[in-house]
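J.: Take a look at the letters that make up each chain.
Protein chains: 2
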Amino acid sequence: MAKVRVAINGYGNIGKRVADAVAKQDDMILSGVTKATPDYRALEAIKRNFSLYSIGDAKEFTEKGIEAQGNVNDLLAISDIVIDCSPGNMGKSNVALYKKFPHLKIIYQGGEDASIAPVSFNAQTNFEKAIDQKSVRVVSCNTTALCRVLGTLDEYFAVKKARAALVRRATDPNNHKKGIINAWAPVPQFPSHHAHDVNSVMPELKITSLAGLAPTTLMHGHMLFIECEKPIKDLSHVFSALNSNRRVMFLSTKQGLESTAQLKDLAYEHQRPRGDLYEVCIWKDGMGLDSDGELGIHLAIDQQAVVVPENIDAIRAMCNLASKDESMKLTDDSLEMGELGIESIKVSKTVEN
Amino acid sequence: MAKVRVAINGYGNIGKRVADAVAKQDDMILSGVTKATPDYRALEAIKRNFSLYSIGDAKEFTEKGIEAQGNVNDLLAISDIVIDCSPGNMGKSNVALYKKFPHLKIIYQGGEDASIAPVSFNAQTNFEKAIDQKSVRVVSCNTTALCRVLGTLDEYFAVKKARAALVRRATDPNNHKKGIINAWAPVPQFPSHHAHDVNSVMPELKITSLAGLAPTTLMHGHMLFIECEKPIKDLSHVFSALNSNRRVMFLSTKQGLESTAQLKDLAYEHQRPRGDLYEVCIWKDGMGLDSDGELGIHLAIDQQAVVVPENIDAIRAMCNLASKDESMKLTDDSLEMGELGIESIKVSKTVEN
Chain A
53 MAKVRVAING YGNIGKRVAD AVAKQDDMIL SGVTKATPDY RALEAIKRNF
103 SLYSIGDAKE FTEKGIEAQG NVNDLLAISD IVIDCSPGNM GKSNVALYKK
153 FPHLKIIYQG GEDASIAPVS FNAQTNFEKA IDQKSVRVVS CNTTALCRVL
203 GTLDEYFAVK KARAALVRRA TDPNNHKKGI INAWAPVPQF PSHHAHDVNS
253 VMPELKITSL AGLAPTTLMH GHMLFIECEK PIKDLSHVFS ALNSNRRVMF
303 LSTKQGLEST AQLKDLAYEH QRPRGDLYEV CIWKDGMGLD SDGELGIHLA
353 IDQQAVVVPE NIDAIRAMCN LASKDESMKL TDDSLEMGEL GIESIKVSKT
403 VEN
Chain B
53 MAKVRVAING YGNIGKRVAD AVAKQDDMIL SGVTKATPDY RALEAIKRNF
103 SLYSIGDAKE FTEKGIEAQG NVNDLLAISD IVIDCSPGNM GKSNVALYKK
153 FPHLKIIYQG GEDASIAPVS FNAQTNFEKA IDQKSVRVVS CNTTALCRVL
203 GTLDEYFAVK KARAALVRRA TDPNNHKKGI INAWAPVPQF PSHHAHDVNS
253 VMPELKITSL AGLAPTTLMH GHMLFIECEK PIKDLSHVFS ALNSNRRVMF
303 LSTKQGLEST AQLKDLAYEH QRPRGDLYEV CIWKDGMGLD SDGELGIHLA
353 IDQQAVVVPE NIDAIRAMCN LASKDESMKL TDDSLEMGEL GIESIKVSKT
403 VEN
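Chains A and B supply the protein sequences, listed in that same order. Numbers 53 to 405, taken from my numbering, label the letters of the first sequence in order. Numbers 53 to 405, taken from my numbering, label the letters of the second sequence in order.
Honestly, the hints are just simulated from the structure, not real lab data. All the pointers check out, no bait thrown in.
Note that the list lumps identical chains together, so a pair holds whenever it fits in one copy or between two copies.
The calculated DSSO-like cross-link candidates involving lysine-lysine, where the alpha carbons are at most 27 Å apart (straight line), are:
1. K381 with K186
2. K230 with K306
3. K306 with K229
4. K152 with K181
5. K76 with K186
Please read these numbers as outputs of a predicted model, since none were measured by experiment.
Could you put the whole structure together from the sequences, leaning on the hints where they help?
T.: What follows is the structure, given as structure tokens:
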């Protein structure tokens, strides 16, 4: 089978990560990446031997001594599928451009409105819906995390209603200009859009949400209250259920992982590229049942990494390259997922979970 | 009636605020305040004409040119009641000291374990329980806020179950050493102690909670999901109910109050002493009902100020100086509470709430 030629339109925080992941897949070829500005990130793309294309005029790149192979039109003409990694809500301005290439399949990111594509995608939850689709939207990092965790819990315990309180990071680590700083800024809306977005993937799941912005760049934090139809007799059943999901990993403050700062440190120490955590992180000792048997969980989500595997699986579904299970295994193996969880970093019997 | 002589043991972030508030009451006299170290805060107490007492040796103060009237024993001997404003969980080490003064009544703060006193106190919710008590614990800022809001909602709509997600401030604004910085640190416990603490005041209220620390010094943020027994037909009923509580105030992002940063700015502009917000702040536009009629609310809580009125009311209850309603009105008037809400700062008909 011919390899699928994948273009990344927008070599930013998501684009560069998805590009690396595409390059690791045996059934895909990275046809090229685009950039709007010829800056250090463009040089990094070239260093990786990625074919670089300009979004605007290629001359601007040449003037700075950075060789672009052409512009975005040239790249799209030689690609089977494009992953739109524009900044949030900017993908819609590319819809007209993509229409000029009738053969092209398109993946949008979760920053776009759900209406941009017929399917909002999460690999574990609705892979099948994306099969042979022309365009798909991979939902945001927060929604991806909620789908993974609630999807698994729903399967095992039948979620009655989930309430999600989201502590969103202010901006990404490579942005020094945007805040917030030293404050808490609630999103003035109930339910916040996150509940609706989960329903764009799992329409039957009962969920409500509140969100706000905190002055951190590292990861998002979620506090979840989850009522289930099936009684949870023992917390170990929840652990087993969620631990069976390779895109979720358990960690503990008793291992010194007291905050998102240590989670990222662990990822760097483990030589994860860019310190990326593709897995949703769950504090095992932050999980519990209240007197009603309702489940409480603390999550942390690496906003730049968590959607990377979903983009890869979306390509496979849309191009009908593999079944859901095959695709997820290929993706997870290529990213070495599941090696950082509580079992893996336990160094001796004396470390308590 | 003779005025009640009130001692403040520990002139720190809470102590200095309660001292000012005591000094404003016609039925109380501030007999003095204690400090462990002769620093700038001690000088500020003297500038206010407060009688200063040392916690340790008074000589240390004299050597620094700061005149102490004596030590804590001298102050307790001439006081009717002491408000223990030690750092969190340090009040218990003063229990033996207070026992040496059989006439003395004692108020502890919420940083102590609930077992330190027979009553955990919130003025609006259980004033009567503190009447004539020898010792009382005024619950923490977070618990005080939850009691005010949930107490009012319970009265009007009968709370079925409340779920509180707390975004706690890392430390106080005058502390430059303690973190956290640039991370999210969940409290690894479900339910967090906050739910239990609310039940120390309102044993019948069904509540569960999760909490974490965010890198901000200004205020705590709460995200609340509240199920009520009585159907809420219109959000305006919730607004009316909560707005009838002078210790709660409504604000809106549409007034430019988008985060805790602007809330504090408003308090400073309004010349509130130390920029204090004694009221629990609620974002009116952050309040809503989901498709089940469940209520969602964003709160912000000034951790240094919100318990000040409760300490004053606790004195009145314990010394039987006034009824609940009389006491709360005297306290609220003296602190000019209720002047900062959405109605008060509306400058023209064109400002949307």
